[in-house]
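Number of protein chains: 2
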Amino acid sequence: MYRTHNCGELRLKNLDQQVTLSGWVQKSRNKGFMLWIDLRDRFGVSQLIFDEQRSSKDLFEKAKTLGREFVIQVKGSVIERTSKNPNIATGEIEILVSELTVLNESLTPPFTIEDKTDGGEELRMKYRYLDIRRNYIKEKLIFRHKVSSEIRNYLTALDFIDVETPYLIKSTPEGARDFVVPSRMNQGEFYALPQSPQTFKQLLMVGGIDKYFQIVRCFRDEDLRADRQPEFTQIDCEMSFVNQEDVLKTFEGLVRHLLSSIKNINVDDFPRMTYDEAMSKYGCDKPDIRFGMELGDLNDVSKHKDFNVFNSSELVVGIAVPNGNAFTRKQIDSYTNWVRRPQIGAKGLVYFRFNYYGSFKSSVDKFYDQEDLGKWANITGAAKGDLIFILSGGVSQVRAQISALRLELAENLDLRKSDEFAPLWVTDFPLLEWDNESQKYHAMHHPFTSPKLDQLDLLEKSPEKVKANAYDLVLNGNEIGGGSIRIHDKKIQALMFKHLGFSEAQAKEQFGFLMNAFEYGAPPHGGIALGLDRLVAILHGEESIKDYIAFPKNNSGKDVMIDAPSKLDDIQLNELSLKLKSSK
Amino acid sequence: MYRTHNCGELRLKNLDQQVTLSGWVQKSRNKGFMLWIDLRDRFGVSQLIFDEQRSSKDLFEKAKTLGREFVIQVKGSVIERTSKNPNIATGEIEILVSELTVLNESLTPPFTIEDKTDGGEELRMKYRYLDIRRNYIKEKLIFRHKVSSEIRNYLTALDFIDVETPYLIKSTPEGARDFVVPSRMNQGEFYALPQSPQTFKQLLMVGGIDKYFQIVRCFRDEDLRADRQPEFTQIDCEMSFVNQEDVLKTFEGLVRHLLSSIKNINVDDFPRMTYDEAMSKYGCDKPDIRFGMELGDLNDVSKHKDFNVFNSSELVVGIAVPNGNAFTRKQIDSYTNWVRRPQIGAKGLVYFRFNYYGSFKSSVDKFYDQEDLGKWANITGAAKGDLIFILSGGVSQVRAQISALRLELAENLDLRKSDEFAPLWVTDFPLLEWDNESQKYHAMHHPFTSPKLDQLDLLEKSPEKVKANAYDLVLNGNEIGGGSIRIHDKKIQALMFKHLGFSEAQAKEQFGFLMNAFEYGAPPHGGIALGLDRLVAILHGEESIKDYIAFPKNNSGKDVMIDAPSKLDDIQLNELSLKLKSSK
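Just so you know, the sequences run in chain order A and B. Counting from 1, one number per residue, gives the positions in the first sequence under our numbering. Counting from 585, one number per residue, gives the positions in the second sequence under our numbering.
Any given hint might turn out to be false.
List of simulated lysine-lysine pairs, BS3-like, C-alpha gap at most 25 Å [unchecked claim]:
hint : chain 1 : residue 1 : chain 2 : residue 2
1    : B       : Lys1074   : A       : Lys62
2    : A       : Lys491    : B       : Lys710
3    : A       : Lys146    : A       : Lys417
4    : A       : Lys581    : B       : Lys1151
5    : B       : Lys959    : B       : Lys865
6    : A       : Lys508    : B       : Lys710
7    : B       : Lys1036   : B       : Lys1051
8    : A       : Lys27     : A       : Lys126
9    : A       : Lys490    : B       : Lys611
10   : A       : Lys64     : B       : Lys1074
11   : A       : Lys126    : B       : Lys1075
12   : A       : Lys361    : A       : Lys375
13   : B       : Lys700    : B       : Lys710
14   : A       : Lys467    : A       : Lys498
It should be emphasised that the hints constitute simulated quantities derived from the structure, not laboratory data.
Isolated chain A (complex conformation) (with noise of 0.2 Å):
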C-alpha cells in the first residue's frame, strides 16, 4: 500500500497515528539540523520534519538528496507543529518520517510548479503534464468535473436521456467545414466528424426518446481565432412536444441550479429580449447586462446641423460613461486610437462631457449648442459628471464598434465582475442572414429552425425580416449558448430548403435522411445546445476557456505535447487509398 492517507487530510484529530504517505517533493527547507518537505499530492500538502535528533542520520542525509517534484513514500507519526500554518488545511500537524522512499527521480521540471509560475504559455503547453500539477490548472479540470456532474444530474432527474450518437457520420458541407476521416474498408469514401450531433438529436426526436441530452465533443475544422479550438465540448439536448417556453424554462433551470449549487448565487427568472431589442440597446446579440451604458440613438437629433459626418451616417448612436467627465485628455485620445485600430474600424470618436455643474463641452461645439447636447445626453441616459461618447457609421459596424468600446470602457473601469453572474435570454433571432459572398440567403442558426408561424408570408417577398423561434443565453456578455423549435413539418422544411437554394436534389442529397424520417410522424421538438468549455470558465470567474481543457491544441491546431498532427507512412497512406498533393 502506498499511502494511509492522502496529503490533504491529516489533521490534529490524527495526533499520534503512524501514518504512510505518497507524493512530489514540493519543496524542501535546509536548516541545517532540520530539514522540512512539503509533500504534495492532488488533494494538498502535508509538511514532513526530519531532524538531527530524532531522525537517524541515513535517514537525515537521505532527505537532503531529495530534488523538487522527486515522488516519495514517507512512514512517520502525526505530530503538532510548534509553529502553525493557518493557510492550509493540514498546518496544525506535521509527519515526524522514520522511512523515507524515493518512488522516482525527476529532472528539475522547465517551471515552476507554483500557483504563479514563471512558465510562459509555449513552454508550459510543451509540458502540460507539468501543467496540470500546478493548483491553478488541476483546479480549473476538477471545477469543469463538477460542472459536467451537476449537469448530468440535473438533467437525469428532470427524465433526460443521455444518448451517445456516433462520431463517424456523414460530411454535409453546410455550416463550417467537416473535419474528414478516410475510410479503409470503404475506398475512396469519408466519414466527417461531427460539428454537432444536430440531426441526430433530431431524429431521436422523430424515434420517440422525448428528451435528450449528451455531453458530447464536436469538431469545427475553422481558420482558429484565439480562445478557438478545433474540438470543444458541447451540452446538447432536445426535448419533445415543447414550445420555446418550455424549453428556456427548462434551460434556465439547469443553469439557475448551476449558480446555485456550485457557486451558491440564486439568481431571479432570467430576463428576456429580442434580437432586435439587444442589437438596438448594446449594439450586439450577446450583451453583457451587468452593467449599464445603453446604447443612445441620436439619429433624430443629431442630422439637423452643417456637421457632414452625423448628416451622412445611417447610425449616430453615443453612450454615456459613469463619471467619465474624470478622463482626462489622454485617455481620450487613447479611446479615440482605441477605436481606429484595424480590428474596430472606427473613422473617429466625438465625444462629450457633461460636467458637474451642468453644462457641456463636446469635441463638435462647432456645429452643435448646448440644447442638442443636452438631448444627447438625455438619451444616453447620462448623468452630471459622465462623458459621453457618441460613434456614426453604417448600422451594423457603428453598433459593433460601440459594442466592443461599451466592453472595453467597462472592463477598464472594472464593471465586468468575475463574481457577478448576468444571465439573459435573447429570443426572436432573424431566421436567415445575407451572405455578401455567395449572394444567398443562409440560415442564421441551421436549417431546421422553424420560422414564426405567423410570418411564413413574408418568406417571399421580405425574408430578412422573417423571425425564427431561436434564442440564445448569454452569460456576462458571452453567448453560452443557443437553441430554436425546429421545423417539424416537411412542407415548412421544403420551403425553407428552396429560400436557402437548395435544389430539391441537394436537399435531398444532404439531408435525405432527415426529410425522410420526418414524413414518419415527427413529433413537435426544439432544443439547445450549450458550450461547456466556455460556460465552465465563466462560472469559474475567467473568460479564457484553454486552461479549463486538460489538453488544449494551439491557435494553429496543433498539440505541441504530442506534435499532432504529424506526417503518415506511406503504409497508411496507401492503406487508404490517398495520395499527397505535392505543395508545388
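Guided by the hints, dock chain B onto chain A, whose structure is given.
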C-alpha cells in the same frame, strides 16, 4: 403547452381531471359505435376513447381517420375503464377525448412498432429512428443511460475526476490501425482518432490528477467482425499510488455496485484466477464460470495405447457434459460436425458415455479399456449419466476448440442463464506474445504494462515466461475490462521497448512525449478500461451490443441510415491537398 401529463402516468387518482396528452397512435380499434386508440410516448401508453354518444360527430369522424404513428394531441377527461387492463400501468383509466389535433401525419412505417417487429435487421437499421420507438430498443438505451449514470456517480464519490482527453491526437503504428484525420491547416499532416486515451491518462497521472475516469469514445480501424464496431465506448480509468490489489478492489466495487443498484443482485468477493489456471481449466482467458464443465487434462492417461491420434497430440483434453448420456447418436454427430466447421477446425471428436450403471462406452473402445475410461471420467469430473467429449491436438488450438465446444454445449443445455452473474478476475497475463507474422514479441496488453518485477531477469532468456501485472475482468464469459499496473520507471520502460524490438529512435519518435514525461517524477500508477457497450449488454442479460448503441454501423462499417461514409467533393479534397489513388 403540448401536454399536462405524459402517456404513462395517469392513474385512478386522476379521475375526472381534464388532461392534455400528446403522442403517437400505437393502434386503433374501431367497433363502429365506439373507437379506442392506444396513445404512446416514451413513458407509456394511455387508452383514448371516442364514442357515438359522448363524442361530437366531427370528432368521432376525425378519430376514425388517424393512421398508425400519426402524432396527435388530445384533450379530455380521465374516466374509469369498464374493462381494466392489469398489464399496463395506466390500465385502470382511459381518456374520454373532447378535442383532437393532428400534430403530424405519418406514412405507414416499413415495419411494425411493436416489441416483436416484422422488420428485418437491414430495414431496421435504415429506419433506425423508427426502430428506436420500439420498447425493445428504447428500453436498452434507457438502461445504458442508467448504467453510465451509476458509473459516473460511483467513481465521482470515490474522488475520481472526469477529465476529457483529446480526440484529435497522433497516429502510432503500434496496436490496431488508426483512423486518421487530414489536417487542412497543416497540410500533408494527419491527426489520428484515439484507440484509447492510454497515453493521456498516464500523462494525467504524471500530472498529479491521482484518480481519473472518462466514459469516452474510442476508434479502431479493424476489419470488422460480427458485433464489433469501428467506434465504441470505453470506461477509462487510472489511479496513482496504487498496486494491483488497489485497482482490483476499486473496480470490483464498481461492478458490485452496478449489480446491486441496477440488478438488485448481491455478489461475494469476485473469484480470481491466473491466466495459466484459466487456460488449463477452461481453455480460454475469459471463462464463463456460471457453470462447471472444467477441462480434464488426459495427457498422462491417454498416450499409453496404440491410438496414434492421441499419442501424437500435444494435448488431449476432455469435458464432461452433465446428463449427456441422454444425447442421441444424432446429437453427438452434430457436435462432431460442429467442431469440424472451419471456424473451430477440429479433426474429430472422441466421446464416451458414462452410463447410469457405472460402465463406459466410447468411440475409441478399440484402444482403451474400462479402466482407462474410468480414469478419464475421474479427471473430467464426470458422474454417472454424463457424456465426455475429448479433443486433441496442439495446445493452443485444442484449448480454443474445447473452450468453444464448452460454450456451445452450455448454450444448448441452457446453462448460461442471463439473470445469473459470475464475475471473475483473471490475473498474471503473459507480458509478451510471439507474433508469427512480424517474427517479434508484441506486448500482450500494451507496451506500458509493468512486468512482474521479480521476473525481470527472465526477459533475456525466456521472455515468453515473464508475467505482467495485468488483469482482465470477466463477466459471464466476456472480457468486460482489462488493465495493468504501468511502468513508471524509465529504465524498465526502455528495457521493454528493447524487447519489443523498438530502436531507441523509434521509441522516441512514437512515445517520446510519454518517455519525456516520465523523466519528471511519474508516480506509480495503474488502471483499467471497461467496454461500456458490452458491459451494458451483459448486465441487461444479452450478449450482442448492437442494440445498445443508438446508431450502430453495420459489419462493413457503414451507417446505412445516413449513408456514411460517402464521397467527398473535389473542393474538399483540394483543401486537404489530397488525391484519391485511382483504383486501377
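Against the structure, the hints:
{"no.": "1", "hint": "Lys1074(B) / Lys62(A)", "verdict": "holds, 22 Å"}
{"no.": "2", "hint": "Lys491(A) / Lys710(B)", "verdict": "holds, 23 Å"}
{"no.": "3", "hint": "Lys146(A) / Lys417(A)", "verdict": "holds, 22 Å"}
{"no.": "4", "hint": "Lys581(A) / Lys1151(B)", "verdict": "holds, 18 Å"}
{"no.": "5", "hint": "Lys959(B) / Lys865(B)", "verdict": "holds, 17 Å"}
{"no.": "6", "hint": "Lys508(A) / Lys710(B)", "verdict": "holds, 16 Å"}
{"no.": "7", "hint": "Lys1036(B) / Lys1051(B)", "verdict": "holds, 6 Å"}
{"no.": "8", "hint": "Lys27(A) / Lys126(A)", "verdict": "holds, 23 Å"}
{"no.": "9", "hint": "Lys490(A) / Lys611(B)", "verdict": "holds, 24 Å"}
{"no.": "10", "hint": "Lys64(A) / Lys1074(B)", "verdict": "holds, 23 Å"}
{"no.": "11", "hint": "Lys126(A) / Lys1075(B)", "verdict": "holds, 23 Å"}
{"no.": "12", "hint": "Lys361(A) / Lys375(A)", "verdict": "holds, 14 Å"}
{"no.": "13", "hint": "Lys700(B) / Lys710(B)", "verdict": "holds, 18 Å"}
{"no.": "14", "hint": "Lys467(A) / Lys498(A)", "verdict": "holds, 17 Å"}
In this structure, every one of the numbered hints holds.
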